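There are 2 protein chains.
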Amino acid sequence: MIDAALRRAFLQPRSVALVGASGDLKKNNSRPQRFLKRFGYSGKVYPINPAREEILGERAYRDLKAAPGPIDHAFIMVPAAAVPDVIDQCCELGVPVATLFTAGFAELGEEGAERQRAMVARARAGGMRLLGPNCMGLINVHDRIPLTVNAVIEREELVPGPLSLVSQSGSMTGSILSRAQARGHGFSKIVSVGNESDLRVGELAEMLAEDEDTGAILLFLETFRDADTLAGAARRAYAAGKPVIAFKLGRSSVGRTVANSHTGALTGPDEVANAFFREHGIMRVETFEGLFEAAQLVMCHKPPRGKRASVITGTGGAAAMVVDRLGMLGADVVGPSERMLDALARKDIVISDAPLIDLPMGSSEGRYSTILSMLLESDHTDAVVSVIGSSAQNPQIIVDRVLKVESRHAKPLAVFLAPRADDALVQLQKNGVASFRTPESCADAVNAYLNWKSPGERPVPTEAAAAASKIAGGYSGKRLNERDAAELFAALGVRTAESTVVTADSGSPAMRTGEPGSLYAVKVLSPDILHKTDAGLVKLSVAAADVNVEAQRIIADAARKFPGAHIQGALVQKTERGLAEVIVGYRRDPEIGPVVLLGMGGVTAELRKSIAIRVAPVTLATAHEMIEDIAELGILRGYRNLPRGDCEAVAAAICAMSQLAYCSRDVLEAEVNPLIVKDEGGGAVAVDGLVVFG
Amino acid sequence: MIDAALRRAFLQPRSVALVGASGDLKKNNSRPQRFLKRFGYSGKVYPINPAREEILGERAYRDLKAAPGPIDHAFIMVPAAAVPDVIDQCCELGVPVATLFTAGFAELGEEGAERQRAMVARARAGGMRLLGPNCMGLINVHDRIPLTVNAVIEREELVPGPLSLVSQSGSMTGSILSRAQARGHGFSKIVSVGNESDLRVGELAEMLAEDEDTGAILLFLETFRDADTLAGAARRAYAAGKPVIAFKLGRSSVGRTVANSHTGALTGPDEVANAFFREHGIMRVETFEGLFEAAQLVMCHKPPRGKRASVITGTGGAAAMVVDRLGMLGADVVGPSERMLDALARKDIVISDAPLIDLPMGSSEGRYSTILSMLLESDHTDAVVSVIGSSAQNPQIIVDRVLKVESRHAKPLAVFLAPRADDALVQLQKNGVASFRTPESCADAVNAYLNWKSPGERPVPTEAAAAASKIAGGYSGKRLNERDAAELFAALGVRTAESTVVTADSGSPAMRTGEPGSLYAVKVLSPDILHKTDAGLVKLSVAAADVNVEAQRIIADAARKFPGAHIQGALVQKTERGLAEVIVGYRRDPEIGPVVLLGMGGVTAELRKSIAIRVAPVTLATAHEMIEDIAELGILRGYRNLPRGDCEAVAAAICAMSQLAYCSRDVLEAEVNPLIVKDEGGGAVAVDGLVVFG
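Sequence order for the protein chains is A and B. First residue of the first sequence? That's 30 in the working numbering, and the numbers climb one at a time after it. First residue of the second sequence? That's 30 in the working numbering, and the numbers climb one at a time after it.
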C-alpha cells in the first residue's frame, strides 16, 4: 500500500520543481509552468534551469539544491543523460516522488531498459518513487494542479468531477479529457503512466481508490505490468463503491502486437484479460467513448442479478439499433413483466409484452415517464435504456420523459439520443443521467454493466497440499511423462484412466479391473520422444491378451528408432469412452498469473477456438459458468434427446486443475487432453496430459 | 424500371397538393406547407382542406378537383378512412403519384393490411403510384422540396450534397440528416418509405441510381420487401459508379424480432442479409454513424483487390484502437512493403515494418505526409487510415498532414481524430476526405470497403435442366424420400452413395460394386416415417451377407410399428468414410430468394452454428470462398499434417446444389446431410438428404 504522505506528495504536492523548465512557448518544457499558473495552482513552483535566472516571469534555479525547498514533487524534463544526476539530487534533498517526461528509456529497447532499471534502483535506494519515464504527467483537477506537458490543456478548461483516469497511452489522456468534458463530465485525477518503471497502474489505482474526490476509476490499458497490485486495487475500489471501468487494447492479435510493440511483453489471448477483469470486479468496455460514458451509468449501483435490459422509446428505428446490438453482445432484452402490464392496465395504459416498448408518436410524455418509472422500479429487469428521437432537440422533452422521473437512479438508466443533440447529451449528464451519443457505445456500456460481477471469492485449497508435496517430492526435468502427469492430476483430485507400465523385462501387466472385452492403448513412455503417434509408437484398441506383445514391440521399436532416448517402458492404459472430449488446462500467464482453461477436444474445435478462461483457482460455480460458455458443450445438457453428460465431474476437474495455482509457481502449464466426459453420474476421466515446469 | 416522367413527378414535382393541410402550427399537418415555403420551393403548392379557404396565407381548396392543377404529386395527411376518396380523385385527375403520411394500415395488423391492399389496387388501377402509407415523406434538397412532416426540419437547414438516403424508419431520416449535416455532409434525396405498400426500397434505389445529383445511396433497412428489385437497382448503381451502403437491423435474433414486429415477416439468419449485400455489390456497415461517414471513403473508388489496410499515426494509443478493431473485423493490417521501405530510405526516412506506422512525437509534418503519400500510391495495401491526436485541434496540422497530400484520392483514405475536434472533422469532409469521430465507425467503414466486391456473376446453368426435368417429371408430395432426393442430387451433378432398394418381395440386392469387407446401411424407405433411427428402423454397418435379412426385418418392423404408413421398401446404401462431414443446403429465403449454405456436419458444429451462406446459384470461386469461411474446414487444408481433403469436390457439390435456383420455385429447401469429404482427389459423396417442395 502507498502511504498517505506519498499519495499526498504525488497527487497534491504543495511545491513542485520543474526540472528543465523553458521560457520558450513553443517548447513542451514550457507547458507545466504555464499550465500551473493558468489554472491557479496554490503551491510553490520552482523552475530549474542552469542557464536561466528567470523563466516566464518567475525566479529560476540552477539546480534542485539551489531551490528553497522543501520540494514535494519533481517534474523532470531534462534529456535522459542528465536524469541520473537529477535523481541523485532529489534523493539527497528527500524529494519523495518525481514524474519523468523524459524519454529515451525502455521504449527504445534493451539498452534503454537497462538505463531505466538503473535509474529506478538509484531512486528506490534513495527512498524515492518515480512516475514514467516517457509519460505526460498528471493532472489533479480539484486542486488545480496540471503537472503535465499535455498539449490538450492549451485549449481545454479543467472541469472538476468524479472521474479519474489512468492511461498507458499519454495522448489518450487528452483525447478522453476533451471528449468527456464537452459532454458534461468532470474529472478528479488524470495520470499518464508512460513506461511504468516504478509506479504502475496498480499502485495508481490504489491511490485513486483512497482518493476522496474520485468516484469512478477509468483505465486505458495496453498491457498488464502489475496485475496483482491492480487486482488488489480494483477490489479495494469495489469495496469503496467506486466502479473501475477498463478499455483494453489487444482484442485482436494484430492489436496485441501493436499494443505491446514497445514492451515486447508476451501476451495470452484476449480472453485472459477478460478473465482478469471479471475476477476482480472490473467492467470492460469495448468502445472508446463508452469508457467515460459508462461511468455515470454504473456509479452508485451494485452488480446486476441477471443480464436483462429493458428498452423504451417513441422512435422504433433508433431503439432497434440499441436492442439489436445488445442482443449481439449476449444481453437479454426483456419486455415488461406480467405484473408490470397489470399495474399499467390499472392506470389505463395498455402496451404489449414485446421486447421493445415502442410508444406510438403522439403518446403523452406522462405515459412515457410512467412506464419508464415502472421499469426502473421493477424486479424483472436489471438496466433500462430510454431512446429519444427527433424530440431530443427539445430540452423540455428531456425533462418530461426522463429528468422528472423520480426513480431514475433506482437502477442503471442509459439514454441514447438518435439525432444530433449535443445540448441534450450535456443536459442529461449534468443532471446525473448517463447519456450516449451512439447506439454502439450505449449497448456496450449497458452490456458491460450486465456482465459486471462482484470480485470473485478465492476457493479453499483442497487437494493442493497433496499435489504440492508431490511436486516438491522430486519431479525433475521440464516436462513430465504421461504417467507422472497422471499421478499429479490424481493428486489434485482428477480421476485418471487406469494404467500400468510395462518394461522390457516385466511380465504381462496386471490391470486392476478389466471387464471382458476391455480395450487398451499402448504407447512408449519416454520424456525424449514427442511425436509418438507419428513415430508409430502408439497402438490403440489392443485386446487384453495382446497387450504384452504390443508393449514389447513398441519398446523395441522405440529403442531402434530413437537410440539416444531414455525409454522408461510402455504405458498401458484402459480405453475410455464417453459422450464428449474436453481439454482442461492450467497456465501461468506472463501478465496476469494463474488461469484455468476449458476447451473442446478434437481438431475441429481447435480450429474454431472454443475456449473459456478464468483466473485460477476457481470455485465450482465458476467452473460451471465455464461449461456454459462453450456452445458445443450443449451436447452434455440434453440437446436433441442426446444423453446428458456428467457436467458435475467436468466442473470438479476444472476446480481440481485450477488448484495448481496454490501448488507451485514452477508449474508453467498443465493440460488434461482429453478429459473423457461420461454420462450423468458416470464421471470424467483424464486419459492423457502434460505438465511443463519453468 | 420507373419511367422518367414518374421519377420527375415523384422527386421533382412542379406542383404539389397537400391534402389535409392545416394552419395550426402545432400540428404535423402544417409542416409540409411551412417547410416548402421556408426552403423556397419554386413550384405550385395547393393546400387542400374542405373547412378552410386560406391556410398560412395561401389559398386553400376544398378538394383536389377544386385546385387549379395539374398536380404532379399529392401529399396525403387525411385520416385513413378518407384516403380512398382522395385516391379516387387523384386517379380521376391523373395525378401520377401520392405520398401518404396517413397511418392506420398494415402496421395495425391484418385488417389494416387488407385496407392497404385495397388502396394500392385502387391506385394502380387508376394508373397511380404510392409512397407509404405511414411514412414521413421525402426531401429533395437540391431542388428545395421538403415534402415531409419530419420534425427535424424545423431546426435543421438543408445542405446539398451527394448523399441520398432511403429509410424504412421515418424517424431515422431526421437523425441521420442532423448528424451528417453537422459533420459537413450534404444530401440529395431523403425518402422515408413507411409501409412500402407500392413504391419500395428497390424502386426508390432505382430512381436514385438514375438521379444525377446522387453520388452515393444510403439504405437504413429493417427488412427486405422487394429484394429482387433492390438487387437490380444496386447493380445499376454500381455500374453508374454510385456506392450503395446499407445499415440493416436484425443482426441478433431479438433485433430481428423487433425490426419485424410490425410486418411479421419471416426472416432467416442475418448471414442471409450479408449474402444478399455481398452478391449485389452493396457495402454493409455495422455502426450507425458509419452509414454516412463511409460514403466519402468509398465514393469514386472500385472494390479492393485484397483486405489490406495500412495505418499511420503520431499517436500510438488512438491508432491502436483502430488497428485492434480492424483486426477483430478480419482485416489484414499491413506494415509498409519492402519496396516502400527502400523508397523511404532513399529519402532518409527510416521506419520499421511494424503493422502500425507510429511516428514519434516531434516528427516533421513533411515526413508524415511523405509516408502517407507513399501508402496511398503503393500496391501493397488497399486502404489507408490516418489517426491524428491532440494536434487535430489545429487546422494547419490537418492541412499539413492530410490535405496537402496530392494522392489523397488515390485509394480510400480514412482519418480518425482522437480528441474532440469537431471543426477538423468538418474541415476534412468539406475537403473531400472521409473523417471519423470514433475508432469503431472508422474501422467499420474501412472494413466495409475491404469486404466490398463487385456484383457477383451468375454462373451458367449446367445440370439444372436435367434436374428441372426430373422435378417436372413427376415428383409428387411435399417431401422426397432419401432415394428420390438422391436421384435429384445426382441429376444436379452431386455424387451420391451407391444404393439400392429392397422390397418385401425382392430377392438379395445387387450392388454395382462391393469390395470385400464393404459395409452397408439399411433403413426403411417411407415418406411417412420421419424419425427412423429413433424407431429402430435404421441399421448401420451391416455386412453384405446380412443385408437382405436386415432389410426384410426392417420392412416388417416398420409395417408393424407404423400401420398407416406407405412403406416403399428398405434402402441399402454403401457405407462411406472420409475426412469430414459437411452439410450442403439450398433454401428459398422468404425475403431474398434462393441461397446456398455450407455447414459442418455433426451435433457440436450445429451448436456452434458454423455456417456460410451465399445467394444461389454460385460460381466455383464463390463455393471455395464458402469453404474458407468455415474455420473448422481448416482440417481439409492440411492442418497439422492431417491428410488434405477434396475441397474441389465440396465446391463442385455446392455449385451443383445452388443450381436448384434455376430449376423450380417449388423447391423450398434441399439439404445434403452429410456430404462425406474424402481425401484429395477422392471426391465427396452425398449419403443422405432431404428435399421439401412448397
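FYI, nobody ran anything at the bench for these hints, they're computed from the structure. Check the hints yourself; a few may be wrong.
Copies of one chain are not kept apart here, so a pair can be met inside one copy or by any two copies together.
To be verified - With a cut-off of at most 35 Å between alpha-carbon atoms, the simulated DSBU-like pairs for lysine-lysine come out as follows:
| no. | residue 1 | residue 2 |
| --- | --- | --- |
| 1 | Lys-568 | Lys-603 |
| 2 | Lys-707 | Lys-336 |
| 3 | Lys-507 | Lys-66 |
| 4 | Lys-376 | Lys-55 |
| 5 | Lys-707 | Lys-561 |
| 6 | Lys-73 | Lys-603 |
| 7 | Lys-433 | Lys-56 |
| 8 | Lys-56 | Lys-376 |
| 9 | Lys-376 | Lys-66 |
| 10 | Lys-499 | Lys-459 |
| 11 | Lys-561 | Lys-56 |
| 12 | Lys-376 | Lys-561 |
| 13 | Lys-55 | Lys-433 |
| 14 | Lys-499 | Lys-376 |
Since the structure is predicted, the reported quantities are computational estimates derived from the model, not experimental observations.
For each hint, the structure was consulted:
| no. | hint | result |
| --- | --- | --- |
| 1 | Lys-568 <-> Lys-603 | both (12 Å within a copy, 28 Å between copies) |
| 2 | Lys-707 <-> Lys-336 | within (31 Å within a copy, 45 Å between copies) |
| 3 | Lys-507 <-> Lys-66 | neither (60 Å within a copy, 84 Å between copies) |
| 4 | Lys-376 <-> Lys-55 | between (66 Å within a copy, 27 Å between copies) |
| 5 | Lys-707 <-> Lys-561 | both (26 Å within a copy, 26 Å between copies) |
| 6 | Lys-73 <-> Lys-603 | neither (78 Å within a copy, 92 Å between copies) |
| 7 | Lys-433 <-> Lys-56 | between (50 Å within a copy, 25 Å between copies) |
| 8 | Lys-56 <-> Lys-376 | between (67 Å within a copy, 27 Å between copies) |
| 9 | Lys-376 <-> Lys-66 | neither (60 Å within a copy, 43 Å between copies) |
| 10 | Lys-499 <-> Lys-459 | neither (60 Å within a copy, 71 Å between copies) |
| 11 | Lys-561 <-> Lys-56 | neither (65 Å within a copy, 82 Å between copies) |
| 12 | Lys-376 <-> Lys-561 | neither (75 Å within a copy, 55 Å between copies) |
| 13 | Lys-55 <-> Lys-433 | between (50 Å within a copy, 23 Å between copies) |
| 14 | Lys-499 <-> Lys-376 | neither (69 Å within a copy, 63 Å between copies) |
When each numbered hint is compared with the structure, violations occur for hints 3, 6, 9, 10, 11, 12, 14.
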